[in-house]
Structures are given as C-alpha cells and as structure tokens.
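Peer 1: Here are the chains, one letter per residue:
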Amino acid sequence: MREITYTEAIREALSEAMREDESVFIMGEDIGVYGGAFGVTRGMLEEFGPERIRLTPISESAIAGAAVGAAITGMRPVFELQFSDFITIALDQIVNQAAKIHYMYGGNVTIPLVMRTPGGSGTGAAAQHSQSLENWTAHIPGLIVIQPSTAYDAKGLLHSAIANNNPVMFYEHKLCYRTKGDVPEGKYFIPIGVADIKRSGKDISVIATSYMVHKALEAAEILAKEGIDIEIVDPRTLVPLDKKTIIDSVKKTGRALVVTEAVKRSGFSSELAAVISEEESFDYLDHPIVRLAGAETPIPYEPNLEKLAVPQVNDIVEACRKIMAAK
Amino acid sequence: MREITYTEAIREALSEAMREDESVFIMGEDIGVYGGAFGVTRGMLEEFGPERIRLTPISESAIAGAAVGAAITGMRPVFELQFSDFITIALDQIVNQAAKIHYMYGGNVTIPLVMRTPGGSGTGAAAQHSQSLENWTAHIPGLIVIQPSTAYDAKGLLHSAIANNNPVMFYEHKLCYRTKGDVPEGKYFIPIGVADIKRSGKDISVIATSYMVHKALEAAEILAKEGIDIEIVDPRTLVPLDKKTIIDSVKKTGRALVVTEAVKRSGFSSELAAVISEEESFDYLDHPIVRLAGAETPIPYEPNLEKLAVPQVNDIVEACRKIMAAK
Amino acid sequence: MSERIPNKAHLDDAALIEAFSKMWIIRQFEEKVDYFFAKGMIHGTTHLCVGEEAAAVGSGAVLRKSDWMAATHRGHGQTIAKGTDINKMMAELFGKTSGTNKGKGGSMHIAEIETGNLGANGVVGGGYPIAVGAALTARLKKTDQVCLCHAGDGSTNEGSFHESLNMASIWNLPVIFFIENNQYGMSGPIKEMAKVKDLSIRGVSYGMPSITIDGNNLIEVINATYDAVERARKGEGPTLIEAKTYRWKGHSKSDAKKYRTREEEEMWRSQRDPIANFRKQLIEAGILTDAQADEIQVKATQAIEAAVAFAEAGEKPTADQLFVDVYAD
Amino acid sequence: MSERIPNKAHLDDAALIEAFSKMWIIRQFEEKVDYFFAKGMIHGTTHLCVGEEAAAVGSGAVLRKSDWMAATHRGHGQTIAKGTDINKMMAELFGKTSGTNKGKGGSMHIAEIETGNLGANGVVGGGYPIAVGAALTARLKKTDQVCLCHAGDGSTNEGSFHESLNMASIWNLPVIFFIENNQYGMSGPIKEMAKVKDLSIRGVSYGMPSITIDGNNLIEVINATYDAVERARKGEGPTLIEAKTYRWKGHSKSDAKKYRTREEEEMWRSQRDPIANFRKQLIEAGILTDAQADEIQVKATQAIEAAVAFAEAGEKPTADQLFVDVYAD
Ligand SMILES: Cc1ncc(C[n+]2csc(CCOP(=O)(O)OP(=O)(O)O)c2C)c(N)n1
Ligand SMILES: Cc1ncc(C[n+]2csc(CCOP(=O)(O)OP(=O)(O)O)c2C)c(N)n1
Ligand SMILES: [Mg+2]
Ligand SMILES: [Mg+2]
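Chains Y, E, S and U, in that order, give the protein sequences.
Numbered according to this note's numbering, the first sequence spans residues 1 to 327.
Numbered according to this note's numbering, the second sequence spans residues 1 to 327.
Numbered according to this note's numbering, the third sequence spans residues 1 to 329.
Numbered according to this note's numbering, the fourth sequence spans residues 1 to 329.
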C-alpha cells in the first residue's frame with residue numbers, strides 16, 4: 001500500500017465520491033483555485049469545475065444552510081468550514097435545522113450532508129482559531145460526529161460520511177494534515193460507530209481522540225520501556241460511540257485514562273468518563289478514571305504557553321506512571 | 001418574607017441593579033412595551049425608559065456583540081435572548097469574543113455582561129424552542145454559567161451576575177417562571193460557585209439542575225414514604241462548579257444520581273458524572289453513578305412524547321428505587 | 001388569452017375562484033385553530049396569518065407542484081397555498097400520527113415534501129439559506145424548479161437574510177424572497193427596526209430586482225410573483241418582493257397588542273381585508289355572484305370541519321415513537 | 001485656516017508629515033514582520049497590509065485619542081494609526097510579556113484599550129457588533145466619542161455586517177464603518193462574491209450615508225472620514241465608507257496568489273502606491289524636500305529596529321501565566 005498524507009487521503013475520498021455520484025458537490029471559502037486554507041481541495045477545481053467545487057462568499061450561516069436546503073432536495077453536499085471555531089456562525093443551520101429536520105418532519109425527508117472542518121491548536125493561530133469544539137455537536141441528537149486521527153481512517157470514514165443519510169460533522173485536525181499512513185487506492189468504507197484499537201496493551205486503556213492518538217502512541221513507546229503496556233482506543237466516531245470496544249478494553253485493563261485536546265470541563269472527555277463510570281466497567285475499575293484534556297483557558301498565542309494548554313506526550317506518560325504507581 | 005414568582009424575582013434584581021448603577025442597561029427583542037416574551041421585563045420600560053430598556057431588531061448576533069462592545073467600554077449590559085435555542089446565532093460573539101477577550105488581551109479589559117435566556121421544554125414549543133444547551137457555554141473558559149432553580153436563587157444570583165466582571169450566562173427555565181418562593185426585598189447576593197443543598201438526606205445524592213430540582217423535590221416526598229431519604233444538591237452555578245459540596249454529599253451517601261433536563265449525551269450530566277468519578281468520592285461509591293437526563297432526540301411537539309423526552313418525577317423515583325435495590 | 005380579471009399569470013376564472021376559496025380556507029383554518037387554542041385544546045403555540053391571506057395565496061398560485069416553498073413560523077397560509085393537505089395539517093396541530101409531521105413538529109414546523117413544502121421554520125430567518133440551497137439543487141440538477149422563500153419583515157434584520165440574498169444573487173439562483181411585511185416583528189415596529197421606508201430597497205445591496213407591492217391585493221401579488229418566477233425559471237436569478245400586509249390577530253397565543261393602536265387595526269380590517277376586497281373584484285367582474293361567493297365561504301367552513309374530524313380521528317403517537325426517526329437509515 | 005494641501009480635517013503641514021511618517025512606519029513594520037515570518041522567527045500567522053497604508057492612516061488621523069477603533073485580522077496598520085505602541089506590538093508578535101497582550105494574543109488580536117484600540121479580530125466580521133456596542137456606550141454615557149470600525153470587503157458578506165449596520169442606523173450611533181476593499185477576501189474576488197460595483201451601495205439598506213473613495217489617496221481618506229466623524233459626533237449617526245485599495249502581499253503566510261494576475265499586482269504597486277503618491281504630493285506642495293522625505297523613511301526604519309530591540313529584550317511568559325487572566329476579579 002502507498003503512504004499518503006491525511007490531507008491527500010481526504011482529497012481522494014472527496015474526488016472518488018464526486019466521480020461516482022453527480023449529487024455530491026463541495027462548497028466553501030477558498031476551496032477553488034486556492035485549494036482550501038489547508039490545501040485539502042487542491043487540484044479539484046481543475047477536475048470538477050466551479051459548479052461542483054463551489055467557491056462561496058464569507059458567509060458561514062448561508063453556506064451551512066444552503067447545504068441543508070440542497071440536501072433536503074436531493075443533493076449530497078459537503079461543505080468546508082475553514083476553521084471549526086467558526087461553527088459559532090453556522091450553528092443555527094446545523095443544530096436547529098440539519099439535526100432536527102428528519103425527526104421534526106416525521107422522517108419524511110433526509111439531510112445527507114457533511115461538514116468538514118479542522119479543529120485543534122498547535123499552529124500559533126491563537127484563541128479564535130484553535131479550539132476543539134466537537135463536543136457541542138456530539139450533544140445534539142440527529143448529528144453524527146466523526147473525528148479521524150489517521151490518513152487511513154480519514155479516507156474510509158469520509159466515504160462513509162458522504163454515503164450516510166444524516167448530517168455528519170467531520171472534524172479534522174490541523175496537525176494531522178501532514179501525518180502519513182498506508183491508505184488503499186480506491187473507495188473503501190470504515191463503518192461509522194466502530195472504534196479502533198490503535199495499540200493493544202494490558203495495563204491501562206488510554207482512550208484518545210484525534211491528534212491525541214498520535215501523542216498516545218508516542219507515549220506508549222516511552223512507557224513500554226518502563227514496562228507499562230498501554231492499550232490505545234481511538235473512538236473515531238464520537239456519535240454514535242462504540243461503547244462496547246471501550247468498555248471491553250477497560251474491563252480488560254481495569255484502568256482508564258481519557259485523553260482529548262478539547263478543554264476538560266464539559267468536553268467529550270467528560271462524556272467518555274461518564275460512560276465508563278456508569279457501565280458495567282465500573283465494577284472492573286482498579287483506579288478512578290483519569291481525564292487528561294485541554295486546560296481551562298483560551299488557547300494562548302505564545303508557543304510555549306500554547307503547548308502547555310493541551311496534553312503533550314509527556315503528560316500522558318506522567319499520567320500513566322501515576323496511575324500505575326497508585327495503590 | 002414575601003412569596004413572589006421566579007419571574008418577579010428576576011425583574012426585581014434587574015430593577016434594583018438599574019436603579020443603583022447607571023451603567024446597567026437591558027437590550028433585547030420585545031423587552032419594551034411587550035415586557036419580554038415571558039413577561040420578565042414587564043413595566044420596566046415605564047420606569048427606565050427606552051434608552052435603558054432597549055428594544056432591538058431581531059438580530060441576535062448584533063445584540064450579543066453590542067453587549068460585548070458596550071461592556072469593553074465601560075457599561076454593564078444585560079441582554080435577553082428570547083429563547084436559549086437562538087444562542088446558535090449569537091455564539092460567535094459570546095464564545096469567540098466575550099469569553100476570550102479578557103485573556104487574549106492580557107487582562108487589560110473586562111467584559112461585565114449578562115446574557116439572560118430561558119431554556120427547557122414543557123410548553124409544547126417543539127424542537128427549536130425547547131433545548132437545554134447550557135453545557136455548550138460551560139465548556140468555554142472565560143464564561144460563567146448560572147442556572148437558578150428557585151425565585152430566591154434567581155434574584156440573588158442575578159445580582160451577583162450583574163456585579164461580576166466576566167461574561168455571565170444566566171439560564172432561566174420556562175417552567176420555573178411561575179414557581180413561587182420566599183424572596184427578600186432589596187438587594188442581596190448569592191455567591192457564584194456555591195451549590196445549595198435543597199434537601200438533606202442520607203441515602204442518595206441527587207444532583208439536579210434547574211427545573212429538575214423541583215421534580216427531585218417532588219420525588220423525595222414519594223421516596224420518603226418508602227423509607228428512601230434522598231439528598232438534593234443544586235449546583236446553581238455550573239461554572240464555577242462547587243465540587244466540594246457535591247463530593248461531600250456523595251461521600252456521605254455513597255450513591256449519586258445526576259438529573260438534568262439536557263440531552264444526556266455530552267450534556268452537563270456527563271461533566272457531573274465525570275467529576276464525581278475522578279475525585280476522591282470514587283472510593284466512597286457503593287453503586288455506579290447514574291445519569292438521568294434528556295432523551296437523545298429532538299424535543300417532539302406532541303405533549304406526551306414531549307414529557308417522555310425529559311426526566312419526570314416518576315423517572316427519578318424509579319431510578320432511586322433501583323439504586324437502593326441494587327446489591 | 002383574455003381573463004375577466006387580467007393578471008400576468010393568465011389565471012382564468014376557475015383559477016381565481018380557486019384562489020378565492022383558498023383564502024377562505026386559510027382564514028377559517030386560522031379561526032378554528034385560534035378557537036382551539038383559546039379552549040386549551042391544542043398544545044404549544046401558534047402564529048396566525050388572518051389578514052395576510054392574499055400574500056400566501058397570490059404567491060403560491062403561480063408555483064407548480066414541483067416547485068419548492070419554505071414557510072415561516074406564521075406559515076399555515078403559506079403551506080396551504082402550496083398545496084399541503086389541510087387534514088394532515090390540522091392533525092399535526094392535534095399531535096396526531098396522521099399529521100404532516102406525525103405529530104412531532106406542530107404548528108411551527110409543518111412540512112410536506114411531496115407537495116414542495118420544505119417546511120415552516122421556528123427560527124426567524126432560518127428559512128432563507130435553506131431556500132437558497134433548494135434553488136442550488138435546481139441549478140445543479142439543471143431542472144427548471146424555483147423556490148419561493150417566505151419571510152417576515154422582522155426577519156430581514158437577521159444576518160441570514162443578508163448572507164442568503166447575497167449568495168442567491170451571485171449564483172443567479174432561482175429563488176424568490178417573498179417578505180410579508182405585516183408591520184411588526186412580534187412587538188417591534190419595522191418602521192423603528194429599520195430605517196428604510198420600503199424593505200425592497202434592500203435588494204439593492206445584492207444587485208437584485210426588487211419590488212414593493214400591496215400584499216393584500218391578490219392580483220398584485222400574483223403579478224409580482226409571476227414576474228419573479230419567470231425570471232427565476234429562465235436562469236435570470238432571484239427577486240425580492242416586499243408585500244405590505246397586516247396581521248389581524250396578536251403575535252402568538254397571548255398578546256395584549258400594546259405596541260399598536262386599535263384604530264390602526266380597525267383600518268386594516270375594514271378597508272384592507274384581502275378577502276372582502278377580492279370578493280368584490282370577482283363579483284364586479286361577473287365571475288361570481290353574491291350567492292356563489294357565500295357558498296365558497298360555506299364550503300371552506302365545511303372543509304375545515306372535515307379537517308377537524310380527520311384530526312380527531314387520528315391517533316396519538318405511542319411512546320416508542322419518541323425514538324423513531326432521530327437518524328435516517 | 002489655510003493648509004498647503006487642503007483637507008477637511010484642517011491637518012496642517014506637521015500633521016501631514018506625521019501621517020506620511022506613519023505610513024512609512026506601517027510599511028516597514030510589515031516588511032520586518034514578513035521577514036521574521038519567512039525566517040520562521042515568529043510563530044503563527046499574520047496578515048500584512050502593505051499597500052493599504054493610506055486607508056489606515058487617513059482614517060486614524062481624524063480620530064481623537066479618546067475615540068475608539070476596532071481593527072481587523074489585517075490590523076497592524078490600523079492599530080498603529082490609532083496610536084498603539086509599536087514596541088509593544090512587535091513584542092506581542094514575539095510572544096513576550098511586554099507585548100500589548102502579554103504574548104497571549106499575537107498578530108490577530110492586538111489591542112490597546114488606553115489608546116482606544118479595542119482590538120483586532122480573528123473572526124471576519126467579528127468587529128462590527130463590538131464597534132456598535134462601543135458607540136452605544138458613547139450614546140448612553142452622553143460623551144462625544146466615536147468608534148471607527150475597520151473591516152474588509154469579504155466581511156461585508158457576513159451576517160454580522162448586516163445586523164450591525166442596521167442596529168447602528170436605527171439607533172443613530174456614532175460609528176464609522178470603514179471598509180478596506182482590497183479586492184479580495186483571501187482568494188475570493190469581491191467582484192464575484194458580491195453583485196454590486198461599489199460596496200458603499202450597501203448603506204442604502206440602512207438609510208445610511210455612504211461613500212466610495214480611493215483608499216490609496218490619503219487626503220481623500222482623511223476627508224471622507226472627517227465628514228463621517230463630524231456627523232457621528234453631532235449625533236447624526238453612522239456612515240459607511242468604502243476605500244478601494246489593494247494588498248501587495250499574499251493573504252497570509254503562504255499564498256501562491258493564483259487568484260490574481262501579476263499585471264494587476266504590478267499596476268497597483270507602480271501606479272497606486274499610497275506612500276509614493278503622497279510623498280510626491282508633499283514635495284510638490286513644498287512641504288517636504290526629497291531629502292527630508294528620505295529621512296522620514298530612514299527614521300521609520302530606525303523606529304522599527306528599536307521596536308525589534310524592545311521585543312527581543314522582553315521576556316517569554318512563564319508557565320504559570322497560562323492560567324492568569326482567564327477570569328477577571
Ligand atoms: C432567531 C429568532 N429570534 C427570535 C425569535 C422569536 N420570534 C418568533 S416570531 C418573531 C417575530 C418575527 O417577526 P417577522 O419576521 O416580522 O414575522 P411575523 O411574526 O410578523 O410574521 C420573533 C421575534 C425566533 N423565533 N427566532
Ligand atoms: C468568520 C470567519 N470566516 C473565515 C475566516 C478565514 N479568513 C480569514 S481572513 C479571510 C478573508 C477576509 O477578507 P476581507 O474581509 O476582504 O479582509 P482582507 O483579508 O482582504 O483584509 C478569511 C476568509 C475567518 N477568520 N473568520
Ligand atoms: Mg412581521
Ligand atoms: Mg479583502
């Protein structure tokens with residue numbers, strides 16, 4: 001298999017879907033000749049033309065809403081929100097319209113749309129361009145929420161997202177874009193709602209999302225040398241959540257460390273901790289669940305502070321050591 | 001002490017604050033001669049005039065943002081968002097501006113504003129007018145989040161909110177408006193960040209928010225007859241959260257039931273469960289934490305379905321019985 | 001073609017009688033709903049469009065069934081005009097599974113995709129971008145469908161109005177933005193909430209053809225909408241229509257209407273009743289006799305009674321319906 | 001008063017020389033920042049305003065220190081024009097505690113409340129309602145302060161533009177909406193993203209006095225802003241100014257600029273350089289000699305060098321700073 005980047009994997013999924021299905025099209029700011037702020041759609045204008053690679057004005061609410069309207073009437077729009085922080089402008093259409101219409105209309109219409117958007121910090125873009133707000137949409141019935149960490153997952157899950165008949169929130173991560181991985185050519189699907197064990201181990205279940213999966217993998221190498229063998233579970237889709245894989249892992253290891261970049265308070269790490277603590281896994285826990293997550297601060301600009309604001313490899317290592325040392 | 005309604009209590013706090021401090025003013029849709037969609041500002045136009053009881057166009061983003069601009073430059077705006085569901089339109093100003101400016105500007109400016117808004121279901125207003133989205137703002141560093149359940153708490157906490165130098169999200173509940181309680185005349189403050197034990201008991205700590213406090217109190221009466229003695233903890237402020245009072249209660253009872261109206265998945269009930277499960281209280285738990293919360297569905301219109309979508313008194317009773325029956 | 005009441009859409013006598021009848025159906029529907037609400041027999045809230053029937057019917061009359069329409073929270077008239085089944089609508093208000101939305105939507109969300117009704121919207125301004133999206137579908141699928149986007153005066157101060165009209169204009173989409181300017185957004189008088197005499201002037205910001213009309217004059221509404229629809233079908237892009245009208249009743253369930261005078265209300269009721277005025281026009285043109293006109297009104301009442309009977313006969317959703325249709329397969 | 005270069009603000013020779021000098025300081029500041037970014041010595045991203053100096057300086061020049069200004073993501077020039085300390089600005093970009101924002105904001109958030117700079121904004125259109133709110137403060141406190149709201153052409157398609165201009169207009173607030181139309185919003189050409197020749201036409205939607213000017217002509221900018229500021233101070237409400245200009249550099253750090261031609265760029269650089277043109281004007285009016293003009297440029301370079309030295313001398317925040325200032329006391 002070839003190694004390609006996360007960016008290329010996403011672009012491949014988009015292109016393959018568009019070649020196959022005329023009803024798939026893309027909208028967004030700067031996705032045309034510019035190729036998107038992070039280069040994801042680079043070259044696609046040349047292949048698909050401006051009708052289907054549709055450059056929009058800077059109007060996030062109309063972009064999201066036009067996707068809803070197009071989806072209701074038979075298209076399968078994918079729109080790119082340039083930074084996930086700007087969902088603040090598009091939310092009415094996503095939450096009050098897209099998420100609810102299928103239910104509110106008694107199931108008489110579907111809303112097959114995908115919002116692709118990059119979240120996360122690490123590029124020095126400061127407080128308004130670095131948030132991880134995925135838990136907002138995870139809270140909303142009617143939405144599907146995906147957060148792929150690898151190139152392979154990104155491509156397979158994006159194909160599934162586009163094929164899905166519900167509004168799908170597809171959160172990419174700025175620091176994932178350049179990561180590389182083995183990715184098959186051609187179309188393949190990774191089922192929505194299936195977690196992936198990115199590393200198996202026996203001591204601690206580290207449930208990590210998005211870019212934190214990569215940091216956990218690095219931490220695992222360090223910990224392995226110390227005889228601590230962590231299992232890394234990547235939920236991949238937050239909604240629907242593959243509780244079984246997570247719970248089974250926790251039952252096996254008896255210890256759970258949840259790692260997300262998003263701010264700890266009321267973030268998806270809380271949901272993961274709550275799920276683990278209320279399920280049968282509770283009885284298997286040898287140690288309280290530990291959450292490692294973003295600091296309760298806006299993301300600062302200065303690079304050292306910026307790093308301190310989100311979990312780093314060393315924080316994961318430390319947390320695991322502490323868990324193992326306890327009792 | 002007099003008994004007044006929750007609505008009147010809020011109105012009193014607003015009026016007292018405005019009489020005392022010229023820099024406090026109110027903005028919002030229909031808050032003038034109409035008195036607000038839920039009658040909270042009724043009569044205030046007559047006393048304070050249209051400059052300070054400022055009727056706005058239907059422009060939630062500009063309302064919130066004008067509050068931010070006014071706050072930065074020395075005023076203490078309070079704005080009413082007619083239904084909390086429409087925070088979807090105002091969020092950029094709340095989350096990307098109000099919450100971050102103090103930090104992002106190095107502490108050189110404060111943003112003393114209050115957003116008052118009613119959440120919750122129970123009035124048949126269906127999916128777009130019945131949500132409980134408070135956990136979104138609880139996730140955002142820089143925001144204070146308050147959710148009063150009684151007239152007494154509403155007045156004292158609103159005074160504290162207006163006096164606070166941070167952006168404060170003040171979530172009212174449509175079904176609380178007509179509830180009555182003893183409320184002192186004149187100004188008093190309830191400190192932000194202090195939970196209240198609404199009923200003490202020894203068997204289960206029921207941590208309930210907003211209108212669920214009233215339902216929990218009703219449930220307590222039924223359970224008491226069966227010999228189950230629940231303690232009801234009302235956090236009152238979600239951010240900052242009074243973890244100590246909650247943890248102490250759980251340590252005492254050894255059992256925790258969290259009850260919120262908001263959708264369970266990724267709601268504030270998750271945060272509460274996560275906090276309890278990761279603190280020392282973990283060691284005292286005799287039973288897994290149970291979350292009782294909104295169904296993972298949009299709020300349906302039809303009245304029976306609408307009720308089924310959020311916890312009712314009987315659900316609390318059942319959950320408590322089950323917890324006590326276990327083991 | 002020569003019609004006895006000339007109109008650009010060339011609607012013949014029968015079609016105009018049909019429009020007259022629809023206005024009556026709408027009014028009776030609303031009066032009935034008002035009655036049920038007052039009695040506490042319907043749950044939730046509602047926004048009635050009595051007094052605004054010509055705007056709904058005149059604009060809806062020039063659409064094809066395959067065209068689309070997005071309605072507002074004050075949408076009963078708009079959806080009836082587009083052809084939504086009034087039985088199912090009434091059943092919806094009663095919260096029955098036989099309702100348009102199986103009882104899950106209620107007054108603010110009535111939708112019937114089969115007849116092109118993309119749904120009413122509880123969010124002021126929420127329908128604008130959705131209508132743009134539907135028009136985009138027509139463009140991408142190269143059909144000649146158009147989308148009629150209903151909206152209120154107050155909603156033209158929402159950001160979504162601006163973003164959507166701009167997007168529709170630069171993409172030349174087949175959408176008609178139809179503003180029912182009933183003078184108030186809940187209690188906010190549009191003359192204080194916007195500093196322009198006519199809201200149609202706002203089309204200038206988008207280089208969009210725009211017009212202000214008497215929304216209570218059925219023929220004027222038909223003509224303006226017809227022009228806009230024709231332009232849209234030919235690929236010449238969107239139009240903004242401002243139809244001046246008035247809501248006779250309060251904003252929603254309880255409204256003391258302190259923000260307006262009784263004289264103003266009285267003037268609109270007595271002099272600018274769209275139904276009475278069109279009735280007169282039909283009779284003067286010799287299309288209807290007095291007796292025939294009365295009969296149409298009676299038939300409308302009967303149709304509403306039938307709708308109520310249909311609604312009453314329907315079933316309440318069972319508890320398991322709560323979890324049905326959260327996600328599509 | 002008689003100025004050698006007549007202008008409505010009656011800025012005298014010294015003030016015009018000061019403005020000329022500020023334009024140079026801005027350009028040198030930007031060139032220096034560009035250099036540091038290219039070298040990887042500054043973190044994050046930045047949006048440079050080279051070529052747009054007259055818009056920033058001409059509008060800032062007619063404000064008082066006590067007036068307010070809201071800047072955009074492309075805000076270095078705007079904030080310098082308002083009087084923000086360039087040493088602290090450079091220190092901010094270096095992430096130092098001596099920076100305007102103590103290193104926590106960076107290029108997109110530079111603010112200095114003491115000089116009325118309410119802050120740059122990373123959200124396109126995010127500054128509009130904030131500026132309206134500041135103007136509301138002036139109104140409620142009955143001061144004669146005004147607020148200058150900077151924005152870009154692309155931002156005029158955001159809903160916040162619409163809501164804010166409407167609100168400012170109905171309340172007659174002292175705010176000046178100043179659009180730097182540099183022809184592109186990132187890669188989106190405004191001539192394709194809006195169907196109007198001049199964005200100032202959008203003021204019509206709000207009954208707002210509006211004007212389109214040559215944003216590269218310093219005196220034209222001064223004059224238009226002066227009229228708007230006077231109107232605002234007198235309580236006559238807001239104004240919309242569209243200043244046509246051009247950004248010489250890419251949108252932000254990496255930009256292949258495929259969306260425009262090299263000829264277009266070259267035309268703006270060679271014929272419409274705001275600094276070169278104003279220099280010529282000053283010399284022709286006899287206000288400066290060639291040598292004096294050169295000296296001003298040299299001094300600007302020195303000022304920037306000093307700013308860099310100041311920035312370098314500052315300290316990086318310590319780890320504990322992460323948790324400072326999340327909440328105010
Ligand atoms: C975004 C949003 N803000 C506020 C409301 C509350 N609300 C419902 S209808 C209404 C007035 C709408 O006025 P207009 O657009 O003129 O329509 P009309 O009711 O007059 O038909 C308001 C403020 C809402 N539903 N949605
Ligand atoms: C709400 C929002 N959408 C998108 C972006 C990404 N973005 C940053 S600057 C920019 C272009 C802005 O164009 P314009 O307003 O013309 O300002 P200019 O950059 O030309 O000065 C875009 C799309 C953003 N920062 N905020
Ligand atoms: Mg209206
Ligand atoms: Mg621009």
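No lab work stands behind these hints: they were computed from the structure.
Built from N, CA and C at the ideal position, the CB exists for glycine as well.
There's no promise every hint is true.
To be verified - Calculated cross-link-like contacts (lysine-lysine; reagent style DSS-like; alpha-carbon spacing at most 30 Å): (1) S/142 with S/234; (2) E/307 with S/88; (3) E/180 with S/234; (4) U/234 with S/141; (5) S/141 with S/191; (6) U/8 with U/253; (7) U/234 with U/141; (8) U/280 with Y/174; (9) S/253 with E/174.
Said to hold, decoys possible - In silico contact screen, one side only, chain U against chain S (beta carbon under 10 Å); selected entries: (10) 15; (11) 17; (12) 21; (13) 194; (14) 202; (15) 234.
Peer 1: Against this structure, judge whether each hint is valid.
Peer 2: Evaluation of the provided hints:
| no. | hint | result |
| --- | --- | --- |
| 1 | S/142 with S/234 | 11 Å, holds |
| 2 | E/307 with S/88 | 23 Å, holds |
| 3 | E/180 with S/234 | 61 Å, violated |
| 4 | U/234 with S/141 | 54 Å, violated |
| 5 | S/141 with S/191 | 41 Å, violated |
| 6 | U/8 with U/253 | 38 Å, violated |
| 7 | U/234 with U/141 | 15 Å, holds |
| 8 | U/280 with Y/174 | 46 Å, violated |
| 9 | S/253 with E/174 | 15 Å, holds |
| 10 | 15 | 35 Å, violated |
| 11 | 17 | 40 Å, violated |
| 12 | 21 | 38 Å, violated |
| 13 | 194 | 6 Å, holds |
| 14 | 202 | 4 Å, holds |
| 15 | 234 | 17 Å, violated |
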